[in-house]
Amino acid sequence: MSAIHSTPTKRTDASLSRRLTWWLRGVSLLGILLLWEGYGRTTNPILFTYPTAIAHATIDMIADGTLLMALSQSVSVLVTGFVLGILVGIALGLLTGRSTVAAALLDIPITALYATPIVALIPILVLWFGFGTSAKVVVVLLFTIFPVLINTRRGVREVDPRLVEVARSFCSTESRLWIDLVLPSALPFVMTGIRLAIGRALVAVIIAEFYTAVSGLGYLIVSNAHSFQTARVFVPVIVLMALGVVSTGLLEMAEARISPWRHRHN
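Each residue of the sequence shown is one higher than the one before, starting from 42 at the first, in our numbering.
Since the hints were derived computationally from the structure, they do not count as laboratory data.
Any given hint might turn out to be false.
What the hints assert, rightly or not - Per label pair, the in silico range of CB-to-CB distance:
#1 Ser69 <-> Met294: 32 to 40 angstroms
#2 Gly290 <-> Asp148: 20 to 28 angstroms
#3 Pro158 <-> Val287: 26 to 34 angstroms
#4 Ala145 <-> Leu71: 50 to 58 angstroms
In this text the structure is predicted, and so the values were computed from the model without any measurement.
Virtual Cβ for every residue (Gly too), placed ideally from N, Cα, C.
Throw the hints in and build the complete structure from the sequences for me.
So, in structure tokens, the structure goes:
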């Protein structure tokens with residue numbers, strides 16, 4: 042009888058834990074907003090601002106269309122560069138993780154580019170690709186590719202050699218080996234790389250918009266900072282934070298669907 046009642050108890054505990062987690066998150070966010078509001082109202086509005094002022098500025102910028110236009114420009118660059126960076130990073134990670142020849146050939150170029158500050162390459166990229174969207178997409182791609190590549194390569198190399206031998210002993214083809222063993226084993230590492238790349242991609246969008254033709258959310262930050270409209274400066278910053286949180290949440294949901302076996306214990 043004890044075994045029968047143990048499973049519901051565990052599920053109830055897990056459910057309570059999730060509720061408590063979200064409650065603590067809400068309390069933390071509310072506390073930060075209240076402290077920010079109180080401190081911001083006591084400071085010079087040119088130097089600092091507070092949440093209610095940012096909310097009013099957000100409404101005004103939505104009403105005049107500047108926020109939505111800038112957001113669409115930045116999201117277009119972000120999505121294009123991010124997706125390309127993920128695809129190239131996964132492809133190179135799988136190739137260098139599985140092939141020692143490819144790893145030897147690409148090791149020095151990959152290490153050299155990874156160690157080089159991408160910001161230092163932006164003037165060269167502008168010369169090559171111009172001041173338009175292409176240069177921005179390339180910047181986002183370069184910021185995105187390396188976390189995905191390195192984690193994917195690590196995931197492929199972490200596949201248990203004994204499992205590979207067992208698969209080979211059952212005459213598994215190379216394609217079945219990838220589908221049944223290599224990709225599922227490397228998937229947690231790939232998702233970790235993508236999660237790390239989200240923050241880098243958001244940084245890359247703003248840096249690209251600063252260094253190339255100023256547009257998008259980067260344009261809003263620069264133009265409002267020059268006119269000392271601090272509340273309006275914070276609006277695109279908050280939007281970027283929201284994009285990062287939403288993207289990470291969507292990624293976690295996708296990971297739960299793609300690899301449900303990793304979440305069954307939760």
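- prompt: Can you give the numbers of the hints that this structure goes against, from lowest to highest?
  reply: 1, 2
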